[in-house]
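Student: With the working numbering applied, the sequence shown covers 1 to 253.
Among these hints, one or two may not hold up.
Stated by the list, open to error - The calculated lysine to aspartate or glutamate pairs, modelled on DMTMM-like cross-linking and capped at a C-alpha distance of 25 Å, are:
| hint | residue 1 | residue 2 |
| --- | --- | --- |
| 1 | Lys3 | Asp141 |
| 2 | Lys114 | Glu135 |
| 3 | Lys17 | Glu69 |
| 4 | Lys122 | Asp201 |
| 5 | Lys70 | Glu161 |
| 6 | Lys200 | Glu241 |
| 7 | Lys160 | Glu21 |
| 8 | Lys220 | Asp196 |
| 9 | Lys160 | Glu241 |
| 10 | Lys140 | Glu21 |
| 11 | Lys160 | Glu217 |
| 12 | Lys11 | Glu104 |
| 13 | Lys2 | Glu35 |
| 14 | Lys122 | Glu77 |
| 15 | Lys17 | Glu77 |
| 16 | Lys160 | Glu227 |
| 17 | Lys31 | Glu185 |
| 18 | Lys160 | Glu132 |
| 19 | Lys11 | Asp201 |
In short, the hints are calculated from the structure, not lab data.
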Amino acid sequence: MKKPFVVGNWKMNLTLKQGVEFAGLLKNDLKGKREVLCGICPPFVFLNEICKILEGCNVCVAAQNIHSEKNGAYTGEVSALMVKEVGCTHVLIGHSERRHIFHESDSFINAKIKMALSVTLKPIFCIGETLEEREAGRTKDVIQNQLKGGLHDIRADQLKELVIAYEPVWAIGTGKTALPGQANEVHAFIRNIVADAYGKDFATSLYIQYGGSVKPENAKELMAQPEIDGLLVGGASITFESFSKIIEAVSKD
């Protein structure tokens with residue numbers, strides 16, 4: 001049985017001092033806890049310091065984004081190798097805020113995933129529908145297109161460390177949460193698509209997280225769903241108190 005994989009995305013929040021304090025508290029809190037996997041996604045400028053604090057402990061550090069190119073004249077961008085070299089093991093790719101605010105396409109996201117894999121960064125590949133798409137009955141079409149576009153021309157053996165995060169856009173930062181049963185249904189659909197493309201064994205082993213207004217009060221119920229393997233936490237991950245409560249809520253007895 002899989003251990004829950006809980007990742008906190010700080011987005012553009014906290015100061016360096018606050019981030020360092022958070023990382024130290026998290027490191028101490030997770031000592032000896034083997035029943036849950038945990039990660040955090042600090043802003044780029046904190047990565048070096050946070051990775052040093054968490055080196056050798058059971059908390060992974062993920063970058064919030066990378067560029068699709070190895071290097072070059074891309075002012076303001078950060079490469080996969082750069083975040084890998086400071087100690088990141090994972091990277092968020094395809095987050096809804098990147099798709100909708102920065103207009104990232106499925107083909108661009110696909111190129112980012114390939115770049116991450118080329119330097120052995122583990123992608124946390126985010127997919128999800130908007131409220132308009134859900135109300136129009138297009139959830140499954142949107143999910144299928146995002147999966148096919150993002151994973152185009154990538155073999156199963158390249159994706160052993162892939163994590164998929166289902167994040168319904170209408171539930172991000174709104175206080176609205178997909179009902180556990182609703183989320184589980186979409187997770188099952190995702191797993192079936194992956195099974196068709198890469199085989200049942202791969203799909204069974206794949207981690208699929210839920211993200212969208214996750215908080216201490218709903219974390220346990222979400223994780224009780226058979227197809228939900230972990231949580232991608234946004235607003236509730238920027239204070240140690242709330243994030244630690246989520247970890248405690250989903251920890252296996």
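Student: Give a verdict on every hint.
Tutor: Taking the hints in turn, this is what the structure says about them:
no. : hint             : verdict
1   : Lys3 to Asp141   : violated, 30 Å
2   : Lys114 to Glu135 : violated, 33 Å
3   : Lys17 to Glu69   : violated, 31 Å
4   : Lys122 to Asp201 : holds, 19 Å
5   : Lys70 to Glu161  : holds, 20 Å
6   : Lys200 to Glu241 : violated, 38 Å
7   : Lys160 to Glu21  : violated, 33 Å
8   : Lys220 to Asp196 : violated, 30 Å
9   : Lys160 to Glu241 : violated, 33 Å
10  : Lys140 to Glu21  : violated, 41 Å
11  : Lys160 to Glu217 : violated, 32 Å
12  : Lys11 to Glu104  : holds, 17 Å
13  : Lys2 to Glu35    : holds, 9 Å
14  : Lys122 to Glu77  : holds, 19 Å
15  : Lys17 to Glu77   : holds, 24 Å
16  : Lys160 to Glu227 : holds, 18 Å
17  : Lys31 to Glu185  : violated, 34 Å
18  : Lys160 to Glu132 : violated, 33 Å
19  : Lys11 to Asp201  : violated, 33 Å
In summary, the numbered hints that this structure violates are 1, 2, 3, 6, 7, 8, 9, 10, 11, 17, 18, 19.
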